[in-house]
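Generate coordinates for the entire structure from the input sequences, incorporating the hints supplied.
Listed below, chain by chain, are the residues.
Number of protein chains: 2
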Amino acid sequence: MTQPEGTVVAAELEFAPGLAALAELCVTRGVNLQPQQELIVSAPLEAAGLVRPLARCAYARGSKSVTCLYEDPALVREHLAGSAEALDYAPVWLHRGIAEGLRAGAARLRIVGPYPDILSGVPADRIARAHSALADASRAEEAASSAVNWSVAPFVTGSWAKQVFPGEAEEQARRMLWNAVFQGTRVLDADPLQAWDTGIRALNARRDALQSRGFRYLRFFDGRTDLRLELAEGHRWMGGSVVAKNGVEGIRSIPCEEVFTALRGNGTAGRVFFSRPLALGGVLVEDLYAEFEHGSVATLRASRGLETFERLIASDEGARRLGEVGLVPAFSRVASTDVLFRNPLLDRNAASHVAFGQSPSSALQRLEHCAANESAMHIDCMLGHPSMQVDGITPTGNAIPVMREGAFVF
Amino acid sequence: MTQPEGTVVAAELEFAPGLAALAELCVTRGVNLQPQQELIVSAPLEAAGLVRPLARCAYARGSKSVTCLYEDPALVREHLAGSAEALDYAPVWLHRGIAEGLRAGAARLRIVGPYPDILSGVPADRIARAHSALADASRAEEAASSAVNWSVAPFVTGSWAKQVFPGEAEEQARRMLWNAVFQGTRVLDADPLQAWDTGIRALNARRDALQSRGFRYLRFFDGRTDLRLELAEGHRWMGGSVVAKNGVEGIRSIPCEEVFTALRGNGTAGRVFFSRPLALGGVLVEDLYAEFEHGSVATLRASRGLETFERLIASDEGARRLGEVGLVPAFSRVASTDVLFRNPLLDRNAASHVAFGQSPSSALQRLEHCAANESAMHIDCMLGHPSMQVDGITPTGNAIPVMREGAFVF
Chain A
1 MTQPEGTVVA AELEFAPGLA ALAELCVTRG VNLQPQQELI VSAPLEAAGL
51 VRPLARCAYA RGSKSVTCLY EDPALVREHL AGSAEALDYA PVWLHRGIAE
101 GLRAGAARLR IVGPYPDILS GVPADRIARA HSALADASRA EEAASSAVNW
151 SVAPFVTGSW AKQVFPGEAE EQARRMLWNA VFQGTRVLDA DPLQAWDTGI
201 RALNARRDAL QSRGFRYLRF FDGRTDLRLE LAEGHRWMGG SVVAKNGVEG
251 IRSIPCEEVF TALRGNGTAG RVFFSRPLAL GGVLVEDLYA EFEHGSVATL
301 RASRGLETFE RLIASDEGAR RLGEVGLVPA FSRVASTDVL FRNPLLDRNA
351 ASHVAFGQSP SSALQRLEHC AANESAMHID CMLGHPSMQV DGITPTGNAI
401 PVMREGAFVF
Chain B
1 MTQPEGTVVA AELEFAPGLA ALAELCVTRG VNLQPQQELI VSAPLEAAGL
51 VRPLARCAYA RGSKSVTCLY EDPALVREHL AGSAEALDYA PVWLHRGIAE
101 GLRAGAARLR IVGPYPDILS GVPADRIARA HSALADASRA EEAASSAVNW
151 SVAPFVTGSW AKQVFPGEAE EQARRMLWNA VFQGTRVLDA DPLQAWDTGI
201 RALNARRDAL QSRGFRYLRF FDGRTDLRLE LAEGHRWMGG SVVAKNGVEG
251 IRSIPCEEVF TALRGNGTAG RVFFSRPLAL GGVLVEDLYA EFEHGSVATL
301 RASRGLETFE RLIASDEGAR RLGEVGLVPA FSRVASTDVL FRNPLLDRNA
351 ASHVAFGQSP SSALQRLEHC AANESAMHID CMLGHPSMQV DGITPTGNAI
401 PVMREGAFVF
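Chains A and B are the protein sequences, given in the same order.
Using my numbering, the first residue of the first sequence is number 1, and each one after it goes up by one.
Using my numbering, the first residue of the second sequence is number 1, and each one after it goes up by one.
Treat the hints with caution; some may be incorrect.
Which stretches of chain A does chain B cover? Using the computed rule of at least three CB atoms under 8 angstroms from a CB of chain B, they are [what the hints assert, rightly or not]:
# : stretch
1 : 61-71
2 : 74-86
3 : 272-284
Derived Cβ-Cβ restraints for the label pairs, each shown as a range [claimed, not checked]:
# : chain 1 : residue 1 : chain 2 : residue 2 : range
4 : A       : Ser212    : B       : Arg103    : 24 to 32 angstroms
5 : A       : Thr299    : B       : Arg103    : 51 to 59 angstroms
6 : B       : Asp197    : A       : Gly281    : 57 to 65 angstroms
7 : B       : Gln211    : A       : Pro35     : 51 to 59 angstroms
8 : A       : Ala135    : B       : Ala195    : 55 to 63 angstroms
Take a look, some chain B residues computed to stay more than 10 angstroms from chain A by CB distance [stated by the list, open to error]:
#  : residue
9  : Gly82
10 : Trp93
11 : Gly101
12 : Ala106
13 : Leu188
14 : Arg216
15 : Val243
16 : Leu340
17 : Gly397
Calculated directly from the structure, the hints in this document are not laboratory data.
We put the CB at the ideal spot given by N, CA and C, even for glycine.
Structure (structure tokens):
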């Protein structure tokens, strides 16, 4: 870790109001913690300055327990440098324990603070093996999570801030990125919770309107891009709040500016000029252009980073097709920060996007025979911008305006 | 937390050689981690500077996984300030998860960094309730731990350092306490592992010699103190290394200078002038004197802190009796630091001691009908000093010298 931990304290003091407001947002709107409900948090070691107000807020609401599983990036790094046995193992006992806690009624909050520097120099196959072992080990936890109120929110690590603002000293980079995150999450608004309630109501209405129109296709066009996406059979429009199986209504992603759904794997046609650079680990893919034939990428171009992108979408057949579409106003709060966050949790909320690879299972009424897309990959690519138009096309071929000049029509 | 986390970094750099050596000692001699064995560590958040070299050392030995469960004292504090439901609950899923990991073959290392400041101002009954809930929740983990190689080692937190050296600035207090801990654990010796191997061989030989003598009583006397302790039926002398049920030989306590065993609850007679102050939370008990009748304390005096001590030993019947004796040379490495550590992990290794309350189950061949002492309390009180004599008395009444002038005779 390059960043001196001492600066965390300065940031904690400087950003205490924002961190407290973000904590309250996570507890009261994100997971919407219920009285006496237990809360299981995971967070990077650096994020204690957010975890502590989270715990205070949770106990103030009557939580019976807040446990934070702090992740130490230095230990992740040691693990990635370990033996073959280490690479293929992840602590299944821990994830089974979390699953037991969730089944017993706990809510789940993941604080995501990327630390891209720890991966630098680690061979990609080692990362992939460790990732696969972790996915296997956490299967029970994932299954249990799906039944409870859970949420994900960002934390600005020094490593992430330096990646976003490489020209700045770390303290300044951290300040700039926190400011953008606070702005994108509205937590420094006069009444952030009310702003969220208003925003979520609007998103829910938009999501329900899209569902009720019963579109079969979406068409993105702006004179250069002309892309037709076929929605998956039995697709559900998602976004805004979600009522979990335990009956608690929460918001799974902070920030939250998008409505999204699943695409039919073979149903994409046309061409697309992506509107924002795409960050893949340390590599930036710029001016990406794609043409689709029979649902699959036929032509790819980019001014930079093309090889990295090509390697990723060559990993399986589904990675060459699109699995998801997300609609975001071109003037969303995240977009207004004018920052490329290099992280999907934020960048997804800055512009309309499509994802190469796996369709989101939450956006499907059933998983069998739905012809949605399957892949080990899921790569969000932004195509929205202030002069993009989106039509919805009904099964009978009627085209209905959905977005005009980057804004929703309904 | 009063201590600025920034000072941790300075300490980490300043103490890196000591921390690296302590880490190696914990991994190679404490838990004696086996090739491919998983390691489950718990440690305070502040202790990352020790946990990271621990992980490096463990992976270098071929460990397949090192997980650290970092404990955030600020969250403990929030929990202690929580609702009644919170006080009576502890995350049983986490301890069951750890138990599963141990049953699957992991070793266990607890890094103990006391943070006394978080308890200040918290009512004693709240602490007791939370403690009791934690004890219940961690029963499965304790049972699983007893079958594997495990160890406990200290970490100097800012809060602990300030308690030991209240007159010093925190950075200086931390430096002074680390120096004492490094000295007491020999980690800055020319060849610490060899020093440990020599020391442990000597302790093992002493432990086995005490066992083979088959003493029924020990007598401490120095002209003023004259205390006769009856050893529990079926007592085992412990200390030095232990072979766990999984066959791995390790050292359960770092530092390790004592041999100890269990006492018969009703078998104590005589009087004792304790030789070192006793730290009970924030209270110091000084010049403690006790007389025993029918195995139980009949007279107690102290120049300071008497009320606190009396309240603690009034908590149950067994707390007024002695349950354990530990023999430590008056010139042990820990004693040579001349520091009152206010923590039993260190202070137990500075002088011979007896414990009011619970007998150690590890020092009993069987737990039923052994007439050892039972209590919810266990309070170590130091009575050893450079002119203390100890005799062992055989069942036939022969008195055999065990310690003379604070040193072992055999």
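These are the hints, each one checked on the structure:
Closer than 8 angstroms: that is the beta-carbon criterion, and the stretch 61-71 of chain A has 9 residues meeting it against chain B, so the requirement of 3 holds. Counting residues of the stretch 74-86 of chain A whose C-beta sits closer than 8 angstroms to any C-beta of chain B gives 9, which meets the bar of three, so the coverage hint holds. Coverage of the stretch 272-284 of chain A by chain B is violated. Counting CB-CB distances below 8 angstroms, 0 residues qualify, and the rule asks for three or more. Evaluation of the 24 to 32 angstroms hint for Ser212 (chain A) and Arg103 (chain B) yields a failure: the beta carbon distance comes to about 53 angstroms.
A beta carbon spacing of about 55 angstroms between Thr299 (chain A) and Arg103 (chain B) agrees with the range 51 to 59 angstroms that was offered as a hint. The hinted range of 57 to 65 angstroms is not satisfied by Asp197 (chain B) and Gly281 (chain A), whose Cβ atoms lie roughly 46 angstroms apart. Roughly 56 angstroms separates the CB atoms of Gln211 (chain B) and Pro35 (chain A), a value that falls within the hinted 51 to 59 angstroms. Distance hint for Ala135 (chain A) and Ala195 (chain B): a CB-CB separation of about 45 angstroms, inconsistent with the stated range 55 to 63 angstroms.
A Cβ of chain A approaches the Cβ of Gly82 (chain B) within 10 angstroms, the least distance being about 4 angstroms, so the stated non-interface status is violated. Not every CB of chain A is more than 10 angstroms from the CB of Trp93 (chain B) (nearest about 4 angstroms), against its label as outside the interface. The Cβ of Gly101 (chain B) sits about 4 angstroms from the closest Cβ of chain A, inside the 10 angstroms cut-off, so the non-interface label is violated. Not every C-beta of chain A lies more than 10 angstroms from that of Ala106 (chain B), the closest at about 8 angstroms, which undercuts listing it as non-interface.
For Leu188 (chain B), the shortest C-beta to C-beta distance to chain A comes to about 23 angstroms, beyond the 10 angstroms cut-off, and the non-interface label holds. The claim that Arg216 (chain B) is not at the interface with chain A holds, since no C-beta of that chain comes within 10 angstroms of its own (minimum 45 angstroms). With 10 angstroms as the threshold on Cβ separation, the claim that Val243 (chain B) sits away from chain A holds: the shortest Cβ distance comes to roughly 24 angstroms. The Cβ of Leu340 (chain B) sits about 30 angstroms from the closest Cβ of chain A, beyond the 10 angstroms cut-off, so the non-interface label holds.
Every beta carbon of chain A lies more than 10 angstroms from that of Gly397 (chain B), the smallest distance being close to 54 angstroms; the non-interface claim holds.
Taken one by one, the earlier hints fail for this structure at numbers 3, 4, 6, 8, 9, 10, 11, 12, listed in ascending order.
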